[in-house]
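Visitor: This is what each chain is made of:
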Amino acid sequence: MTMRNETKQSGNPISEEELMNSDIKKLNRRDFIKAAAATGTAAVLAVSLTPTLKALAANNQITSPADEIGKWKPTTCQGCTSWCSKEVLVVDGRAIKVRGNANSKVNGPASCPRAHMALQQVYDPDRIKTPMKRTNPKKGRNEDPGFIPISWDEALNTVADKIMELRNNQETYKYMLMRGRYSYMRDIIYDRMTKIIGSPNNISHSAICAEAEKFGPYYTEGEWTYRQYDVLNANYILCWGADPISANRQVSYYLSAWGDASDRATIAVIDPRLSASASKADEWLPIKPGEDGALASAMAHVILVEGLWYKDFVGDFTDGINKFVAGQNVNESDFEEIYTHGLVKWWNIELKDKTPEWAAGKTGLPVDQIKRVAIGYGKAAPHAISWVGGGPVMQVRGAYASMACHALNGLVGAVDNIGGTLKANKEYTQSFPGVDDYLDDIAKEGKSHKKIDHRGRLEFPALNQKSGGGVVTNNAADGILNEDPNEIKVAIGYMNNHAFSCPQDERWFRALSKIPFVVHLTTNASEFTWFSDIVLPSTHHMFEKWGYVKVHGNGYRHVTLNQPVIDPVWDVRTDETEIPWLIAEKLADRGFDNLLRHYKSYIDPETGKEPTNGQEFALYALKHATHKLWDPEEYQAGDKFNGWEDFRSTGVWNSAPYPFKKRWGAMKTDTEKFEFYSETLKRVLGEHAEKHETTTDEVLSVCNYQARGEKAFVPHYEEPFTHGDSGDLVLVDYKSRLNREGRSANCSWYHEFKDLDPGDESWDDVAKINPIDGKKLGIENGDRIKLVSPTGELECTAKLWEGTRPGTVAKCYGQGHWVYGKVAAKEFGIIPRGGNNNSIIPADYDRLSGSTAYYGVVKVKVEKV
Amino acid sequence: MSKIVSRNVNRRDFLKLGGIGIAAAIVPTLISQQSKASSPLAGKNLAMVIDLHRCVGCGSCSIVCKNENNVDGDVFWSSRISKTTGRFPNVRFEYITTLCNHCEKAPCVRACPTKAMHKGDGGITKHDPDKCIGCRYCIAACPYGVIHFNAGKSHEFWRDDKPLIEGATPSAREVTQAVNGKVIPYYNPARELDKPGTGLRKRGIVEKCTFCDHRVSKGQLPYCVEACPTNARIFGDLNDPNSEVSRILGKFHGMRLKEELGTEPKVLYVRTYSTGTHPKTKGSV
Ligand code: SF4
Ligand code: SF4
Ligand code: SF4
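Note that the protein sequences, when read in sequence, are chains A and B.
Just so you know, we're using the working numbering here: the first sequence kicks off at 1 and counts up by one.
Just so you know, we're using the working numbering here: the second sequence kicks off at 1001 and counts up by one.
All the pointers check out, no bait thrown in.
In silico SDA-like cross-links for lysine to any residue, where the CA-CA straight-line distance does not exceed 20 Å:
no., chain 1, residue 1, chain 2, residue 2
1, A, Lys371, B, Gly1276
2, A, Lys826, B, Glu1156
3, A, Lys379, B, Gly1276
4, B, Lys1162, A, Glu827
5, A, Lys162, A, Thr135
6, B, Lys1251, A, Asp260
7, B, Lys1083, A, Glu283
8, A, Lys775, B, Gly1086
A few chain B residues facing chain A, derived, Cβ under 8 Å:
no., residue
9, Gly1057
10, Gly1059
11, Ile1063
12, Phe1088
13, Val1179
14, Tyr1186
15, Asn1188
16, Pro1189
17, Thr1277
18, Pro1279
To give a feel for the contact side, a few chain B residues facing chain A, derived at Cβ under 10 Å:
no., residue
19, Ser1060
20, Arg1087
21, Leu1164
Keep in mind that the hints were calculated from the coordinates and are not lab data.
Don't be surprised by glycine CBs; every beta carbon is placed ideally from N, CA and C.
One chain only, chain A, in its complex shape (with noise of 0.2 Å):
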């Protein structure tokens, strides 16, 4: 790791505010001696910094010390799933700056811009600064929910009166948890709160954020996870609707890797649209969107027949001569395999006919670039990523487009290779204390009925590993809907908010107007909190909470901590932690002491002492989750440290280097290999069919594949799935690089900045139609336009724009707020600034997975208003 300034800067290679602000203990144990030695300052370091600063207030006239002031103090940031580890310039008690934590070995002291948006978001005007009730009785989009403050102590006592009901009249099953972006204390509340309570409801987001990219990884390597990539040893990237500069994951550290990686990879990325990302590649493939799969069957086809599969991995003919011959059957017994698993098959049945031309028809791409793509990515093997994005999977029938881009990891060998696609690092962070000692008869009752989202009925098989292993976070709204298994009556909800960021969300506020009785932990008043009786607000992540999350990237892996850095602006709680222990505390007023006692036993690893109160607890279980991190007699790999307080002020553990090609043939397969032909997959597919007396056949075609047969276990080609025939333009959702996520829209410089997303408009939210489109549909620049799907609308302004392929309209997700803030919606409450794109995607599925479609998925109407 290298200290920041070192390569920028002339004259001084360590600024002053480093040496002034910087925690001086934690730099000179880690990198502070290295980087000043590697960069001729030691003589500084000689010197004691008091008279250093003396010398410098001297030199320089500095008429205050206003810089001394201030203090970097370590966190997290979780604005995207990154999760970068962050440092804020706390100066007297106020936080006015957020850079990179160089101490992070996966993001450096490297930031992206909307890191420094958190800033906007603690500090926004807009956040809720105590609890608050409903006084409106009815309500619905139109109907404003009269909120009106109340204390702590009447918020709580009304959610432990709601929880202590069901519990009286045994239906505990009808409690539901919602889970948006969380920090790892989530159990705390989503999965210990919820069991005690007894409900087998606790839902997470993770169907809406990206499950499908794990489906192909997962089904080929055995590995359900998002993957990192070495792209500084890559000769070929190739990014899958994926915009690593702007968007997807790390990405701070891949900013700051992408000029080095770009000197050496060839970058091709394929999106209907002109990303960031491919603005700066050498191949950008404007692909006809749904039909990412073809292009992933025909590189295949290409690379095997032109003899580029990487030998050490795969293995080959036993005469060395190459018998894939486009149309031809390959017998599997003259292919020697080594550390794959059943790549003829998946020739015979898949790839064998899926020549550049037939992918040229399906794609709209030519076949001279499928060509050269394919056989550059092939000759760069193994040192060749294949970077499977959200775009081409989590579409309907996504899992099988997920399987087959990541295949192509394996035909060149770059699974877990120098170069190439890598899982995540080992770490040692441990789980809070089981549950089972605090059931009672209510609550395992409970538990044990069907959970609202259908996860794993025929139709929703969810394969996380097993049928129903995964979640259907959208479907909830219609279990809710259908009182299917049962009515809901009481649901918590948080840092979510489903009826924005879930597609078709006018399901949402009739499911949410459907339940009576919706709490809401949230900064803002959101779409969600709309529908809500109760409104309790919580911390910001980055500012005033205690939390960890662990991520992987430039081949490592840390655990970093969100930190209270600066007291809570507001009379705020943590959502995690304090919130369900308040809970607890109230449960146990009303004689339902488990939850409190389970959360008593969440024992300081330091002292042996027993929480008292939420903010003990919180930190309490922090300290015990990182425990092995932390204490130097648990230590396990990865940095050390020599106690709690060393790790906090340092507020990272980076893990050990990533162990290239261990994993080959010791993967978590059936068969142990890299599977093209997936036994794995045809196992868990089978099981589920089993579980519904059927056929995996039948499974297929209620869930809406097209695959039959053998072709179900392999990668391959599925044609996309589109609601809205009428329509005039397939919809290319994507994500800006100022998203915090859904969260950002109340923040001004999201809206000054909104032009940094390619074709976009400062202060405006746009469709952007190919020029060719815009003459054929009567649409001029700036006109007000409608976008109608078959299950919605939204209004926005048109931009004829060159980097939209024809037949599509792209438009950045994020705006169409219509409450979260004065910024974010035009008139609170009313009218939206912008629209928000979940108005007019459909709810549908790639079932296997479990995801919610959002690519791909709706053709809709341009009308101008």
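Given the structure of chain A, go ahead and fit chain B with the ligands onto it with the hints provided.
Guide: Showing chain B with the ligands alone in chain A's frame:
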């Protein structure tokens, strides 16, 4: 906050600006010294090199500039010119991050009747708010559109007294008061270290990028340079032949905006935004 704000330089102006000119040899020239010889910047010829190849158009520089310098919503000391050219599928998006060029021959300085706009140590084009009479001659003279005039009070957003939900959310003013900020809650006091009272700009005067003189004079990098996640912004002394900027300019052709006007900008661009290669071809007739 709801109004449409225009940047100082917007993409429509780009064509008018004429894009990037080509620099002749970059000759370090002596800077007129206005202040005491003891200044740490005396004798330096400060410049910023922007490596467009590394730049990804993320805008961090421009956002943090507002953060560092307490710059208001419709004002951009650091800004950008972006444009999309070509026809699908041969389309190019380009991004050039911009700021005050700290021109060697600064037209704004020549135009200012009161010497409020002046060249300071290190060659920084500085502005003295006490001398500024708000005549806006500098704005008219600057070919780059990087000077902004404050017609009204700054940060009206943060002076708002109305809460969103009565009793349950604060007003903007209440936030700043609650945390002891100064108009803005995340106010950076370092901005006014050298000249108290200049942390926010008054009504009726102009403002622009100062090359973060308050930081540079203390040996710190300009904040946009510090915060650029790709290391695309590189800062240093052209008079020092071994500085990083000198080394980079020794290797790459330094391009300057509107070269033909002879303003001799100290912001120099190297390499190009589009990083890609292209397949071998001789073209065709
Ligand atoms: S927004 Fe994402 S990439 Fe940016 S600092 Fe936060 S977690 Fe990292
Ligand atoms: S911060 Fe750096 S990479 Fe981002 S736009 Fe500015 S100069 Fe470019
Ligand atoms: S040098 Fe300082 S004032 Fe100028 S653009 Fe950069 S951050 Fe802003």
